[in-house]
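Here the protein sequences come in this chain order: A and B.
Once you know that position 326 of the first sequence is 326 in our numbering, the rest is easy, because the numbers rise by one and skip nothing.
Residues are numbered in our numbering as their position in the second sequence, beginning at 1, plus a constant of 344.
Some clues are possibly wrong.
[Unchecked claim] If we take Cβ atoms under 7 Å as the criterion, some of the chain A residues that face chain B in the derived model are:
(1) S177
(2) L179
(3) E205
(4) R208
(5) L227
(6) E239
Source of the hints: derived by calculation from the structure; they are not laboratory data.
Note that CB positions come from ideal geometry on N, CA and C, so glycine has one too.
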Amino acid sequence: MFRKSNINLWLTFVLTVFFIMLFSTILIGIIAILMIHLGYLAPTDKSPITPMFLLLLLSTCVGTIFSMLSGNVILKPIRKFSKAINLVAKGDFTIQLEENQKIHEINEMAKNFNKMVAELSSIETLRNDFITNVSHEFKTPLSTIDGYVTLLQSEDLTTEQKQSYINIIMGSTRQLSNLTSNILKISKLENQDRILIKKLFSLDEQIRQSLLLLENKWNEKNINLELELSPIIFYGNEELMMQVFINLIDNAIKFTPKNGEIKINAYKTDYAVSISISDNGIGISPEMQRHIFEKFYQSDKSRLSEGNGLGLTLVKHIVDLSGGKIKVDSKLTIGTTFTITFPI
Amino acid sequence: MFTILVVEDDDNLRKLFCTVLNKNGYQTIDAKDGYEALDCMDKNYVDLLISDVMMPNMDGYELTRELRAAHYEIPILLITVKESFQDKQKGFLSGTDDYMVKPIDVNEMVLRVEALLRRAQIITERKLTIGSTILEYDTLTVFQNKLPILLPQKEFYLLYKLASYPNKIFTRQSIMDEIWGMDSESDERTVDVHVNRLRDRFKENQDFDIITVRGLGYKVVKKNV
Chain A
1 MFRKSNINLW LTFVLTVFFI MLFSTILIGI IAILMIHLGY LAPTDKSPIT
51 PMFLLLLLST CVGTIFSMLS GNVILKPIRK FSKAINLVAK GDFTIQLEEN
101 QKIHEINEMA KNFNKMVAEL SSIETLRNDF ITNVSHEFKT PLSTIDGYVT
151 LLQSEDLTTE QKQSYINIIM GSTRQLSNLT SNILKISKLE NQDRILIKKL
201 FSLDEQIRQS LLLLENKWNE KNINLELELS PIIFYGNEEL MMQVFINLID
251 NAIKFTPKNG EIKINAYKTD YAVSISISDN GIGISPEMQR HIFEKFYQSD
301 KSRLSEGNGL GLTLVKHIVD LSGGKIKVDS KLTIGTTFTI TFPI
Chain B
345 MFTILVVEDD DNLRKLFCTV LNKNGYQTID AKDGYEALDC MDKNYVDLLI
395 SDVMMPNMDG YELTRELRAA HYEIPILLIT VKESFQDKQK GFLSGTDDYM
445 VKPIDVNEMV LRVEALLRRA QIITERKLTI GSTILEYDTL TVFQNKLPIL
495 LPQKEFYLLY KLASYPNKIF TRQSIMDEIW GMDSESDERT VDVHVNRLRD
545 RFKENQDFDI ITVRGLGYKV VKKNV
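Assemble the whole structure, with the sequences as input and the hints as a guide.
Here you go:
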């Protein structure tokens, strides 16, 4: 399909060649006639080879000159394109080509180029934002550690003060360590569009093992666990699913008060596998529910010392990559439920 | 007095581990890489090895493999930054007994060292003691205040496993896998049946109890601690 306002490249090429040949022939013809007229050439001269040879040479020169002149029509946009690509390669993502070219294919090329540059620019923005965020997330605990270590240098501190400062420093160190791990995991996942290592394993057993790993935490808060886990054999990546459960259960524990309750249901129907993790903790407001899976988003800023806003991002990545869906239901002060479903 | 060999190329960390271990009553020798470590093993009697993985010349995995190939059965604890499942798997496959990811809590390191040494002792002696109850692995016998009871094999192994790790919860699945084997035809209710039989037998016992953790599994707890 070609538009009314621009011409097909092939047609342009054919027409150009046609007109070059036509004009060359006409020009040569005129020159030949002139030369005969002026007596430089006689039709019955000795051998026709010399004039013919001369004519051929002249045709070639004229044709070439015409080509040189008309070649620019196609070559100019290509040269512009090449220059623009070079600038983008150097890091300038603001370059745009004009999308009003006469030749259709060249116009399409300009349009696609502009799309590509826009995409690169947005990736660059995301990357810069990420780097800024990461830098901030690292600097905060680092400044805390710096500050409290300085405080510890004073001579007149009570034992309680010292202990308190030391605990804060420990907390920040752990925070940094978690942050590094999570960033590494997320980077690895972001470069994949599907999961590579998969095998069959018991999903219900994995939930139990995740709970065992976090035993200290739920024990400490005396949290009651209500478990309804049907035996489910799942085909997926064992390590990544474990990470999902650990992050969700850890969150549930974090946001549930002492003596609270966490319910975990896992069951299978003909169409899907469904896992839900509920707590009766402080809940998440509807406004925040929209953002919780974003990087570095933390609903409760006072909890900055405990997490780093990447846990749920990782969970969502993994669930998406595994072909599943995750949703959150929550009411402030009542509790939160995360539900993950995988189609069979 | 136990001797622990600490292998770590970072000077500060090596000093830290040795200091913490010394404070907890262990004698320490240190080495900077795998080759130095093997040298130390030749010249000294070592009860336990703590090793980093990423080291020049010979890494922790290789060191572990070499030791196991030379029939050193001492407990090995790998401490490393490498935390992916594949890394851990590689560690366990080369023969390590435990694996910690940096940065570590040195108190946790000490606890794990204790547990590893205790288990090594249990394995060498093949005997477990809780209060005045003694479980003898080779004879499937439980001595309560010196009075022996002979148990059927599965019941004994179940009790022995749970009692080797007091307070640790074991799921029915993991008990099945270890004691009945992965290919077993029995189902998880067999575990319940066996636990009930054990509870019946040992209901008078003052040293331990088998507790059910609802939805998760079972654990042995010491009484009168």
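Violations among the numbered hints, reported as their numbers in ascending order
2
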